[in-house]
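Using the sequences provided together with the hints, build the complete structure.
1 is the number of the first residue of the sequence shown in the working numbering; add one for each residue after it.
FYI, nobody ran anything at the bench for these hints, they're computed from the structure.
All residues carry an ideal CB built from backbone N, CA and C; glycine is no exception.
Keep in mind that a hint or two might mislead.
[Said to hold, decoys possible] What follows is a set of in silico ranges between Cβ atoms, one per label pair, in the way DEER data are often shown: (1) Arg-185 <-> Gly-226: 16 to 26 Å; (2) Arg-185 <-> Leu-108: 19 to 29 Å; (3) Glu-552 <-> Ser-321: 42 to 52 Å; (4) Ala-607 <-> Pro-403: 20 to 30 Å; (5) Gly-336 <-> Val-229: 43 to 53 Å; (6) Asp-216 <-> Thr-341: 34 to 44 Å; (7) Ser-65 <-> Thr-541: 58 to 68 Å; (8) Pro-403 <-> Gly-477: 12 to 22 Å.
[Stated by the list, open to error] Pairs of lysine-lysine, DSSO-like flavour, derived with a Cα cap of 27 Å: (9) Lys-121 <-> Lys-39; (10) Lys-39 <-> Lys-372; (11) Lys-395 <-> Lys-472; (12) Lys-392 <-> Lys-39; (13) Lys-418 <-> Lys-395; (14) Lys-392 <-> Lys-412; (15) Lys-562 <-> Lys-472; (16) Lys-121 <-> Lys-159; (17) Lys-418 <-> Lys-392; (18) Lys-395 <-> Lys-412.
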Amino acid sequence: MKFTARATLLALALVAAPAVAGDVDVSAYVKVDRFDDLKISPNGDYLAATVRIDNRANLLVMRRSDNTITANLTGGPNTLVWDFWWVNPERVLATLAEKVGALDQPRLLGELYGTNANGSKREMLVGQRVTEGLGSNIKTKKAERIWADLVDTLPADDKNVVIAVGAFSADPFTRAERMDVYNGRRATVARAPLRNAGFATDNQGVVRFAFGSGTDLRQKLYYRTGDGVEWQLINDESVTRRSELPIGFSADDRIAYLQVGQDRGPDAIVAFDVASGTRTQVLRDEAADPARIIYRNGTSIPVGAFFEAGIPRTAFFDATSLEARTYRSLEAAFGGPVRITSQTADGREALVEVWSDRNPGDFYLFDTQSKKAQHVLSRRDWFDPEQLSPTKPIKLTARDGLPLHGYLTTPKGSDGRKLPMVVMPHGGPYGVRDQWAFDPEVQMLADAGYAVLQVNYRGSGGYGEAFVAAGKREWGGTMQDDVTDATRWAVQQGAADPARICIYGASYGGYAALMGAAKEPDLYKCAAGYVGVYDLPMMHTTGDIQERGSGETYLREWLGPKDKLDAVSPTRMANRIKVPVFLAAGGEDERAPIQHTRMMEHALREAGVPVETLYYDTEGHGFYKPERRQEFYSRLLAFLSRSLGGSVAKSGGGGDKTAK
Numbered sequence: 001m002k003f004t005a006r007a008t009l010l011a012l013a014l015v016a017a018p019a020v021a022g023d024v025d026v027s028a029y030v031k032v033d034r035f036d037d038l039k040i041s042p043n044g045d046y047l048a049a050t051v052r053i054d055n056r057a058n059l060l061v062m063r064r065s066d067n068t069i070t071a072n073l074t075g076g077p078n079t080l081v082w083d084f085w086w087v088n089p090e091r092v093l094a095t096l097a098e099k100v101g102a103l104d105q106p107r108l109l110g111e112l113y114g115t116n117a118n119g120s121k122r123e124m125l126v127g128q129r130v131t132e133g134l135g136s137n138i139k140t141k142k143a144e145r146i147w148a149d150l151v152d153t154l155p156a157d158d159k160n161v162v163i164a165v166g167a168f169s170a171d172p173f174t175r176a177e178r179m180d181v182y183n184g185r186r187a188t189v190a191r192a193p194l195r196n197a198g199f200a201t202d203n204q205g206v207v208r209f210a211f212g213s214g215t216d217l218r219q220k221l222y223y224r225t226g227d228g229v230e231w232q233l234i235n236d237e238s239v240t241r242r243s244e245l246p247i248g249f250s251a252d253d254r255i256a257y258l259q260v261g262q263d264r265g266p267d268a269i270v271a272f273d274v275a276s277g278t279r280t281q282v283l284r285d286e287a288a289d290p291a292r293i294i295y296r297n298g299t300s301i302p303v304g305a306f307f308e309a310g311i312p313r314t315a316f317f318d319a320t321s322l323e324a325r326t327y328r329s330l331e332a333a334f335g336g337p338v339r340i341t342s343q344t345a346d347g348r349e350a351l352v353e354v355w356s357d358r359n360p361g362d363f364y365l366f367d368t369q370s371k372k373a374q375h376v377l378s379r380r381d382w383f384d385p386e387q388l389s390p391t392k393p394i395k396l397t398a399r400d401g402l403p404l405h406g407y408l409t410t411p412k413g414s415d416g417r418k419l420p421m422v423v424m425p426h427g428g429p430y431g432v433r434d435q436w437a438f439d440p441e442v443q444m445l446a447d448a449g450y451a452v453l454q455v456n457y458r459g460s461g462g463y464g465e466a467f468v469a470a471g472k473r474e475w476g477g478t479m480q481d482d483v484t485d486a487t488r489w490a491v492q493q494g495a496a497d498p499a500r501i502c503i504y505g506a507s508y509g510g511y512a513a514l515m516g517a518a519k520e521p522d523l524y525k526c527a528a529g530y531v532g533v534y535d536l537p538m539m540h541t542t543g544d545i546q547e548r549g550s551g552e553t554y555l556r557e558w559l560g561p562k563d564k565l566d567a568v569s570p571t572r573m574a575n576r577i578k579v580p581v582f583l584a585a586g587g588e589d590e591r592a593p594i595q596h597t598r599m600m601e602h603a604l605r606e607a608g609v610p611v612e613t614l615y616y617d618t619e620g621h622g623f624y625k626p627e628r629r630q631e632f633y634s635r636l637l638a639f640l641s642r643s644l645g646g647s648v649a650k651s652g653g654g655g656d657k658t659a660k
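Shown next, in the form of structure tokens:
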């Protein structure tokens with residue numbers, strides 16, 4: 001059979017090719033991936049993919065025998081099929097999310113949909129809008145103010161799955177239920193002994209772990225020996241000062257595997273003997289936490305993990321295992337990181353994703369017996385990886401001796417010396433990190449001629465709990481010093497021209513950009529903040545964080561008390577900023593309300609600082625509409641060019657008249 005899935009799926013997702021926008025083709029960078037994920041059915045008869053069409057992501061199912069699209073599951077505008085699972089050879093479950101801003105974490109709707117691969121029996125199975133489902137069979141279900149998420153697909157049971165269910169309330173208690181994947185009937189199998197709980201099952205589908213944290217934000221792990229047995233608290237972070245999360249069981253269910261925080265350094269994977277209670281470390285990296293667990297095909301048996309201190313790498317419990325040998329073979333063949341996204345039940349065929357700093361992601365169908373791989377599709381096939389800019393991992397030491405990791409991207413074809421540079425601190429800040437992967441913002445800036453510096457300052461995720469905790473209450477303090485130290489490191493290494501450095505970021509990164517300009521007035525030539533937070537006392541009174549008890553705890557413990565934050569708020573330090581500033585924000589941003597940016601603008605104008613702004617009243621935490629993203633990045637490139645001399649985009653492209 002000639003494999004034409006790529007052409008078939010692309011035909012449905014195709015949109016007009018981007019127009020060239022002057023020196024930098026901004027539209028190519030603001031255009032979203034054609035595909036989010038791709039999975040093969042257990043019998044290999046179908047492929048399912050989340051495909052971007054306009055401002056939504058649809059789930060398409062294609063029959064491989066004739067390349068016909070047999071099912072199309074979609075929601076409303078700004079709705080994404082966030083995740084999906086083959087629960088048997090003919091049935092797919094999916095969960096949807098709404099996305100208001102480009103940087104918003106998509107808001108899961110808590111609804112589970114089901115569709116047969118041939119397009120039949122398509123309906124909502126559980127959720128608050130169940131009577132508005134995509135099908136007509138609603139007699140076995142009722143609308144409830146609840147959310148649901150998948151816990152276990154139960155590979156040995158084609159009819160049922162285990163889901164987690166909770167109320168739409170602040171810090172809810174949750175329960176685990178067995179749900180029929182065809183009619184949505186549910187039966188409770190476990191109730192969590194704590195708030196905000198998740199569940200983990202063994203290889204028989206029995207719920208054995210509950211884990212989560214209440215309003216105190218202290219993680220707890222409970223274990224039980226089987227159905228109907230009382231929960232036992234086996235780890236309390238407030239006592240042990242470490243977190244423990246279940247990641248799977250051994251084939252005989254005698255060993256549970258946990259990801260365990262350490263007093264120093266990164267997390268470890270630990271084997272927990274459920275009978276004796278003993279814990280034995282089985283896998284740990286010297287610098288990075290396990291970033292993604294690798295499981296044996298069709299099971300929840302962990303066999304290894306990805307680690308991302310620099311370029312992602314894999315490590316396995318048993319280096320001679322089938323999974324380890326398969327990954328080593330694929331990594332050697334493709335010359336870089338690979339990920340098996342799904343396999344047929346017999347293991348004969350596997351879908352493999354390949355990516356890099358210059359490759360947004362290619363999917364291949366790999367025959368594990370013939371060892372042949374065939375290209376299926378690419379996330380962003382309008383980019384030629386050979387024409388993009390390289391990103392290399394870096395290491396440095398902060399002024400207080402703390403090891404730091406990050407990434408330096410240099411324009412393709414440059415010698416990497418004395419370049420104009422944009423320092424780009426990531427958002428979050430806690431538990432978030434920059435990674436070695438294709439980043440459209442980074443590539444766009446490199447295309448304009450800039451080196452781009454990203455540092456995982458203390459507080460970032462991926463390097464252990466102590467590294468995250470080192471950022472507690474350090475907004476404007478040592479977290480900011482880490483960004484400064486990385487900038488000076490780039491100058492000392494000869495990569496950056498000290499007379500041509502700007503700082504730009506979004507969300508917390510916007511805060512760090514303005515704080516950097518205030519705290520280091522001689523280091524940066526300009527600063528840009530995108531949907532940033534600039535007045536820290538206001539975080540205690542506006543936005544969506546403080547609406548929950550756990551959010552109040554977070555602000556108090558990690559940001560600091562309201563009356564102690566004036567000294568580290570850029571709005572109160574505008575008179576120390578001596579360089580031009582560009583600010584952009586959305587009126588519907590709940591995470592970083594637009595008041596932050598308006599206050600920052602006002603303070604800068606009062607201090608006589610040159611400031612440019614771009615506001616969209618109907619955008620959220622990051623601009624969502626492509627034409628508005630194009631306007632923002634065109635304005636950003638023009639702003640940077642005036643201080644650093646890099647390339648610009650075509651002027652006046654894509655914006656609407658509400659921008660100023």
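Verification of the supplied hints:
Against the hinted window of 16 to 26 Å, the Cβ-Cβ separation of Arg-185 and Gly-226 comes to about 23 Å, which satisfies the hint. The beta-carbon spacing between Arg-185 and Leu-108, approximately 22 Å, falls within the hinted interval of 19 to 29 Å. A C-beta distance of roughly 46 Å is found between Glu-552 and Ser-321, which places it inside the suggested range of 42 to 52 Å. A hinted range of 20 to 30 Å is violated for the C-beta pair Ala-607 and Pro-403, which are about 37 Å apart.
At roughly 46 Å, the beta-carbon separation of Gly-336 and Val-229 lies within the given 43 to 53 Å, and the hint holds. Separated by about 37 Å at the C-beta atoms, Asp-216 and Thr-341 satisfy the suggested range of 34 to 44 Å. Distance hint for Ser-65 and Thr-541: a CB-CB separation of about 60 Å, consistent with the stated range 58 to 68 Å. Evaluation of the 12 to 22 Å hint for Pro-403 and Gly-477 yields a pass: the beta carbon distance comes to about 18 Å.
This hinted pair checks out: Lys-121 and Lys-39 have alpha carbons roughly 20 Å apart, not beyond 27 Å. A hinted pair counts as satisfied when its Cα atoms are at most 27 Å apart, and Lys-39 with Lys-372 qualifies at roughly 18 Å. Of the pairs offered as hints, the one joining Lys-395 and Lys-472 holds, with about 22 Å between alpha carbons and a cut-off of 27 Å not exceeded. A hinted pair counts as satisfied when its Cα atoms are at most 27 Å apart, and Lys-392 with Lys-39 does not qualify at roughly 30 Å.
Pair hint Lys-418 plus Lys-395 holds up; C-alpha atoms about 19 Å apart against a cutoff of 27 Å. Taking the CA atoms of Lys-392 and Lys-412, the gap is near 12 Å; set against the 27 Å cutoff, the hint holds. Pair hint Lys-562 plus Lys-472 holds up; C-alpha atoms about 15 Å apart against a cutoff of 27 Å. Straight-line distance between C-alpha atoms of Lys-121 and Lys-159 comes to about 14 Å, which keeps the hinted pair within the 27 Å bound.
Only pairs whose Cα atoms come within 27 Å are accepted, and Lys-418 paired with Lys-392 is accepted, the gap being roughly 17 Å. In summary, the hint linking Lys-395 to Lys-412 is supported, as the alpha carbons are separated by about 22 Å, within the 27 Å threshold.
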